[in-house]
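Sequences and hints are given; from them, build the entire structure.
Chains as they are written, first to last, in the working numbering: chain R, 159 to 338; chain G, 190 to 510.
Please note: incorrect hints may appear among the correct ones.
Just some of the chain R residues that point at chain G, by a computed CB distance under 8 Å [what the hints assert, rightly or not]:
hint, residue
1, E195
2, A286
3, F289
4, E293
To be clear, the hints were calculated from the coordinates, so they are not data collected in a lab. Since the model is a prediction, treat every value here as computed from it, not as a measurement. Heads up, the beta-carbon is just placed ideally off N, CA and C, and yes, glycines get one too.
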Amino acid sequence: MDTIRSIIEIASVFVLPLLIVGFPLYGLIKKVPVYEEFVEGAKGGFKVAVTIIPYLVAILFAIGMFRASGAMDFMVDGLRPILGWFGIPPEVLPMMIMRPLTGSGSAAIVLDMINQFGEDSILVKMVATMFGSTETTFYVIAVYFGAVNIKKTRHAVPAGLLADIVAMITAVFVVRWLFG
Amino acid sequence: MLNYIWAGLIVLSLVFGMVYDINDLASDTYRNGQAFEVQVDPLDATSASSRRIPVRVHVDPAAFNAFYGVEANPDSTYDGVVIRNQEGMQLRFAQDASVPEPWATIRAETSERDNDLRGTLAGWSPSGGPAAVSFREVRFVKMRAIAAAALSMAELAVELALGLIGVLALWMGLLQIAEKAGIIHSVVRVTQPILRPLFPDIPKGHPAMGMIVLNLTANMLGLGNAATPLGIKAMEELQTLNEDKETATDSMVMLLAMNTASVQLVPPVLLVALMGLQINQLIFAIIIVTGISLIVAVAAAKLLSKTKRFRASAPAATTEG
Numbered sequence: 159m160d161t162i163r164s165i166i167e168i169a170s171v172f173v174l175p176l177l178i179v180g181f182p183l184y185g186l187i188k189k190v191p192v193y194e195e196f197v198e199g200a201k202g203g204f205k206v207a208v209t210i211i212p213y214l215v216a217i218l219f220a221i222g223m224f225r226a227s228g229a230m231d232f233m234v235d236g237l238r239p240i241l242g243w244f245g246i247p248p249e250v251l252p253m254m255i256m257r258p259l260t261g262s263g264s265a266a267i268v269l270d271m272i273n274q275f276g277e278d279s280i281l282v283k284m285v286a287t288m289f290g291s292t293e294t295t296f297y298v299i300a301v302y303f304g305a306v307n308i309k310k311t312r313h314a315v316p317a318g319l320l321a322d323i324v325a326m327i328t329a330v331f332v333v334r335w336l337f338g
Numbered sequence: 190m191l192n193y194i195w196a197g198l199i200v201l202s203l204v205f206g207m208v209y210d211i212n213d214l215a216s217d218t219y220r221n222g223q224a225f226e227v228q229v230d231p232l233d234a235t236s237a238s239s240r241r242i243p244v245r246v247h248v249d250p251a252a253f254n255a256f257y258g259v260e261a262n263p264d265s266t267y268d269g270v271v272i273r274n275q276e277g278m279q280l281r282f283a284q285d286a287s288v289p290e291p292w293a294t295i296r297a298e299t300s301e302r303d304n305d306l307r308g309t310l311a312g313w314s315p316s317g318g319p320a321a322v323s324f325r326e327v328r329f330v331k332m333r334a335i336a337a338a339a340l341s342m343a344e345l346a347v348e349l350a351l352g353l354i355g356v357l358a359l360w361m362g363l364l365q366i367a368e369k370a371g372i373i374h375s376v377v378r379v380t381q382p383i384l385r386p387l388f389p390d391i392p393k394g395h396p397a398m399g400m401i402v403l404n405l406t407a408n409m410l411g412l413g414n415a416a417t418p419l420g421i422k423a424m425e426e427l428q429t430l431n432e433d434k435e436t437a438t439d440s441m442v443m444l445l446a447m448n449t450a451s452v453q454l455v456p457p458v459l460l461v462a463l464m465g466l467q468i469n470q471l472i473f474a475i476i477i478v479t480g481i482s483l484i485v486a487v488a489a490a491k492l493l494s495k496t497k498r499f500r501a502s503a504p505a506a507t508t509e510g
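As structure tokens, this is what we get:
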């Protein structure tokens with residue numbers, strides 16, 4: 159287990175520099191005009207960033223309003239008893255609702271719970287696992303689809319959310335199994 | 190689906206904001222216009238004649254709870270100053286003092302910049318003694334909050350998007366070289382057999398597959414900054430295969446689902462920063478959970494694309510299959 163982990167850790171350090179140096183180097187060997195091609199490709203970066211702005215604004219302002227209105231707290235209170243039936247501690251509920259919506263918001267929850275319960279607590283381990291094993295689904299949708307101007311997302315939202323829900327619930331039980 | 194969720198978020202926030210505000214008005218949460226009795230003593234007697242008197246404010250917790258109808262736990266003393274001018278006396282609590290609700294909200298609403306709670310003081314003599322403090326009236330807290338949130342998040346969205354430009358440009362430049370040098374093509378050849386079943390509508394040898402592989406690899410190694418431009422590039426390649434430029438193809442949804450499930454062998458930097466060394470214990474848990482969620486995401490994307498509803502909405506290019 160430890161060797162695998164250190165291999166992965168070392169790989170993650172080297173991949174980036176290797177790619178950044180390796181691509182132009184290999185291009186040079188293949189007689190590609192590397193500088194010209196780099197600049198040509200890099201031009202696209204600005205265009206993509208500008209293209210995703212309207213999609214990000216749409217998603218983020220709606221989520222911001224929802225959070226500010228207190229609707230989030232209401233949802234947490236309403237869902238509390240239902241979670242009890244499944245043996246999920248209610249303290250992790252804000253995380254489950256926030257995670258797909260906002261990355262910074264859910265990081266704030268992890269921080270808040272560390273302050274409240276301490277790093278060692280099983281609740282913190284649960285929310286940290288949730289945070290580490292899922293993505294900010296709506297942000298990913300806005301950025302990836304926004305970049306190519308896709309407006310009709312079809313089954314992307316249900317598929318993404320289903321994976322999120324399963325991940326959150328699994329996180330509770332895996333952490334309880336490993337540390338409980 | 191996204192249409193309903195989006196509209197739902199906006200409409201619900203208005204409804205909830207109104208319910209909260211009307212509830213505040215009905216129960217007079219902030220006791221608008223009523224004065225609360227506190228004991229205010231100057232820190233030293235010599236300052237009694239000056240314009241600015243440093244004071245200590247004594248708050249009786251029981252009286253506080255009875256007055257506001259809450260079960261808060263106010264500190265019994267606060268530091269502050271009394272400012273005297275023609276209009277009368279103003280009591281200012283120390284900046285960032287840990288005041289309980291509803292004072293915290295009153296402070297946030299009435300003194301945004303300095304973050305000190307301010308109220309007018311009546312019936313106080315500079316030698317010290319009881320006095321009545323009343324705060325500015327506070328109404329429609331949530332209505333103001335949702336409007337402010339909408340504006341500030343719109344700003345944040347632009348900041349986030351523009352913040353991506355540099356990294357996007359770097360990666361798209363590198364990828365352009367990789368494509369011209371034939372690297373993407375080699376990646377495609379090697380990985381095609383494994384990923385082909387998940388993306389059946391990508392033609393053999395198409396660069397889209399190479400970009401997808403690079404995106405998933407970057408994700409796996411926790412390189413979020415690199416994964417995003419690679420994913421966007423993959424989307425662009427998939428878009429070239431798409432007949433209807435506004436509608437997602439099955440492959441696009443599959444790639445998105447795999448990204449939202451976030452296959453991660455290395456935890457994200459932010460989490461490492463938050464958790465410190467504790468993260469080592471969690472890596473195993475994260476790998477298990479992320480693996481399960483990946484399986485669910487792939488299965489969900491695959492199965493949902495077969496349902497009648499989503500097959501009907503598929504762009505023409507992907508309907509056979």
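Here is what the structure says about each hint:
Satisfaction of the interface hint for E195(R) is found here, the shortest Cβ-Cβ separation to chain G being roughly 5 Å, below the 8 Å cut-off. Taken as an interface hint, A286(R) checks out: its beta carbon lies about 5 Å from the nearest beta carbon of chain G, inside 8 Å. The closest approach between the C-beta of F289(R) and any C-beta of chain G is roughly 6 Å, which is under the 8 Å cut-off, so the hint is satisfied. Checking E293(R) against chain G by beta carbon gives a least distance of about 4 Å; that is within 8 Å, so the hint holds.
Going through the hint list in order, the structure satisfies each hint without exception.
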